[in-house]
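Mind docking chain P on chain W? Use the hints.
Keeping their order, the protein sequence lines are chains W and P.
Start counting the first sequence at 5; every next residue gets the next number (our numbering).
Start counting the second sequence at 30; every next residue gets the next number (our numbering).
Since the hints were made in silico from the structure, they are not lab data.
In this text, a Cβ means the ideal position worked out from N, Cα and C, and glycines have one as well.
You may find that some hints are simply not true.
Unchecked claim - With the Cβ distance kept under 10 Å, some of the chain P side facing chain W (calculated, not the full set): (1) I283; (2) I287; (3) G301; (4) L446; (5) Q448; (6) H450; (7) V453; (8) K454; (9) K479; (10) L483; (11) E493; (12) P495; (13) V547.
Said to hold, decoys possible - Label pairs and their in silico Cβ distance ranges: (14) W:A168 <-> P:Q115: 53 to 61 Å; (15) W:A168 <-> P:R463: 20 to 28 Å; (16) P:A58 <-> W:V68: 15 to 23 Å; (17) W:V122 <-> P:D202: 41 to 49 Å; (18) P:D327 <-> W:R38: 52 to 60 Å.
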Amino acid sequence: MATPYGPTLIKLIDHRTERATSDLLGTIVTSAYRAYDHGILDWYWAIDVDVVPDETRPDTTHSVRAIPIVDASHEVHRAAIGSKVRIRKGKRLLYEAYSTTGFEAGQVRVTAVVFTDVGVTINATATYGATYRLLTYTELGDSANNGGFAYGSIPYGAYGKFSASGDLLYIITNKP
Amino acid sequence: MITTDANFKTRQDALARFPKYKLLSYDPADSWESIINGTNAVPATDLTPYVTMIDYGFGQLHIVMADDSALSFHPDGGALRTKIRQGRIIRLKEGFEGLSEESWIWTFSGTVEGTYGWTYQRSQAIQIDFSAFDRSNNQAWRRRPITSRDYTVGADWGDMFYNIVHDIMGLSDTENNVSRYWSLTFDKNSNQIVMLPTWEALEGLLFGVNARPWFNGAGKLSSILTTQNRVTYTLPNDDLIQRYSAKAGNTETINKIILTYLSNQLSPVEGGHQVLGTAIVTTGFFIPQQDLDVYWSDDRRTRGRNTTMLVKQSVNGGLIPVGDESYQEIDEFHGRVTIEISSWVPVLATSLMAIYLAAAILPDLVVTLGFVASGGFTISVGRIIEAVALLTMLILMMSLGTGQYEVWGIPYEMVYLEQQHIAVKSGLEFWEEREREIKNQFVSTDERAKILALNALFFEAMKEQPRTITMRTDARLEPGDIIQTSTGVKFYIESVKKSLARGGAGPNIMELNCYRCVL
Chain W
5 MATPYGPTLI KLIDHRTERA TSDLLGTIVT SAYRAYDHGI LDWYWAIDVD
55 VVPDETRPDT THSVRAIPIV DASHEVHRAA IGSKVRIRKG KRLLYEAYST
105 TGFEAGQVRV TAVVFTDVGV TINATATYGA TYRLLTYTEL GDSANNGGFA
155 YGSIPYGAYG KFSASGDLLY IITNKP
Chain P
30 MITTDANFKT RQDALARFPK YKLLSYDPAD SWESIINGTN AVPATDLTPY
80 VTMIDYGFGQ LHIVMADDSA LSFHPDGGAL RTKIRQGRII RLKEGFEGLS
130 EESWIWTFSG TVEGTYGWTY QRSQAIQIDF SAFDRSNNQA WRRRPITSRD
180 YTVGADWGDM FYNIVHDIMG LSDTENNVSR YWSLTFDKNS NQIVMLPTWE
230 ALEGLLFGVN ARPWFNGAGK LSSILTTQNR VTYTLPNDDL IQRYSAKAGN
280 TETINKIILT YLSNQLSPVE GGHQVLGTAI VTTGFFIPQQ DLDVYWSDDR
330 RTRGRNTTML VKQSVNGGLI PVGDESYQEI DEFHGRVTIE ISSWVPVLAT
380 SLMAIYLAAA ILPDLVVTLG FVASGGFTIS VGRIIEAVAL LTMLILMMSL
430 GTGQYEVWGI PYEMVYLEQQ HIAVKSGLEF WEEREREIKN QFVSTDERAK
480 ILALNALFFE AMKEQPRTIT MRTDARLEPG DIIQTSTGVK FYIESVKKSL
530 ARGGAGPNIM ELNCYRCVL
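With the rest of the complex left out, here is chain W (with noise of 0.2 Å):
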């Protein structure tokens, strides 16, 4: 409704409150599976989203669980692991819960800076960041490796997250 006199005082503080809502960039590492809330008394779907606080340390890792998704398009629902996505701080839902809302880019290049008192240095750029993807055979094992098994314990289908330069930083099974 809008009222003769401007904006209210209300619509400034709200103003502020959607400013404040923040998005954060984290990862798909499950793919979507249903949980229980025993808030709303409901299943609803979910994914664990590895978020990573700073980007040019993608080494440490928080993933936080059970995110809802709330994607009308169903892209969530369908992407895979491995996709960047941003999440969001919902307002709507009836707990403080991230959500997540679309597509993202997965590296970063930073340019460190050398701030001296005659004028700065620039460093060259880096790239920071870890990429997703399945395992390949080679990497799941070998038969001399693995007793006269073709493979490990880990099982096909496994994700790995690795870092810009192609290291291994950690492997992501597909179990919620």
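Relative to chain W, chain P alone:
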């Protein structure tokens, strides 16, 4: 820096000079364009004789005046009370005594915000105070979201800027100092500002050329450069500086800039392994081969890779196998399921029909009873052959049935991905980082993003070194100018402060809030 004519410059550089100013109030019924052009219909009211003090700050004037004995500004009936009411356009002009007013320069243009204060107290001078803010303070521009026209590859960013300024903000060319040609072109198919407040849209566009929007002293929209590798004005003499101080303060400035931009390269985004399409077919006897094209979506635009066929129900699901089913991925949008019926099936069916027909004319054998042919059975030789042929055909018919197929694969979409370039002060632990995120979807290459992110970082780093310089007034200096002293140290002017005294006498000194440049 405001450009002036030679006469002004001579006065400015002269040792003996008397700065003067004029404060004028205009009727808002006249358009800004006519006021800036000096073609306003209602003549301006000169407020200068009443002024006791003006505080000149960044984008705002605080004016204190004294009323005359006629109580001209009495809020309930003064003759001049409408001249400083809300919405009046206030302009400040600075120059020198003895200098023709044509050479003076406009250093502030804005509107009165709010009602003015007027206090009468017996045996004291009547004091009036009010404030005027520059044109960027327009809340409609600050808050109301707008949508620009759509520009495609090759269009100049300046064109979109001009569209917003001209068509949405309604500024005429007189009111706009920003060039339309930036030599910076869009490189994505569709570029549009969608539901963003006007001022943020202008900031977003100017960010691409390391600048920010500003309404200058004359009331014209212009841009302030945020770069530091330039000098606007070299001080002719360091003695002009009377006071120089580095403020004590926190150094909690931003030291990390995250610039999120939208790449102009399409990248595939994969979905999970899933059913991309289905095909159902009923085969017939005499169709030797059937091709079924399976698209991953009805609009035939979804892409997929690593596709395989899963046979849910085979055409060979009947009693005897009758054909082959195969699958081939044609392109990223579709694949083809091919069903080939073995050639013996139509051959056999044809020959069986021939047999069925031929058998129909076979005469029956007759078995008679007794000597007189009075009755008996016939043995239906032909019927038995007919029945065998018919049964075989029926089995064939039953075997040829419905095939049902699913094509599985990994769907992917080609999208413009958001990329990030981060400019960060070297050697920080992550808890020491104070970051600012900037989003600009018109920026599309890493090279450009790097330049912009670095410039934003340099700008923030500069704020760690705030300096206050008090120097001899130079009305030409504006925010965004970079002054240089004889030692080569550069200062970025963030805002100018000065106090203008009674009766039109301009200030002899002014205070510059600066940052020492890092470059």
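A quick look at each hint next to the structure:
1. I283: This interface hint is violated because 13 Å lies over the 10 Å limit.
2. I287: 7 Å, holds
3. G301: Hint holds; G301 of chain P Cβ to chain W Cβ min 5 Å, cut 10 Å.
4. L446: 4 Å, holds
5. Q448: 5 Å, holds
6. H450: 5 Å, holds
7. V453: 5 Å, holds
8. K454: K454 of chain P check passes; min Cβ-Cβ to chain W is 6 Å, inside 10 Å.
9. K479: 6 Å, holds
10. L483: 6 Å, holds
11. E493: Because about 9 Å separates E493 of chain P from the closest Cβ in chain W, which is inside the 10 Å limit, the hint holds.
12. P495: Since the shortest Cβ distance to chain W is 15 Å, the answer is violated.
13. V547: Hint holds; V547 of chain P Cβ to chain W Cβ min 6 Å, cut 10 Å.
14. W:A168 <-> P:Q115: 53 to 61 Å: Cβ of A168 of chain W to Cβ of Q115 of chain P: about 57 Å, so the range 53 to 61 Å holds.
15. W:A168 <-> P:R463: 20 to 28 Å: 24 Å, holds
16. P:A58 <-> W:V68: 15 to 23 Å: With Cβ atoms ~58 Å apart, the hint is violated.
17. W:V122 <-> P:D202: 41 to 49 Å: 44 Å, holds
18. P:D327 <-> W:R38: 52 to 60 Å: 29 Å, violated
Comparing the model with each numbered hint stated earlier shows that hints 1, 12, 16 and 18 do not hold.
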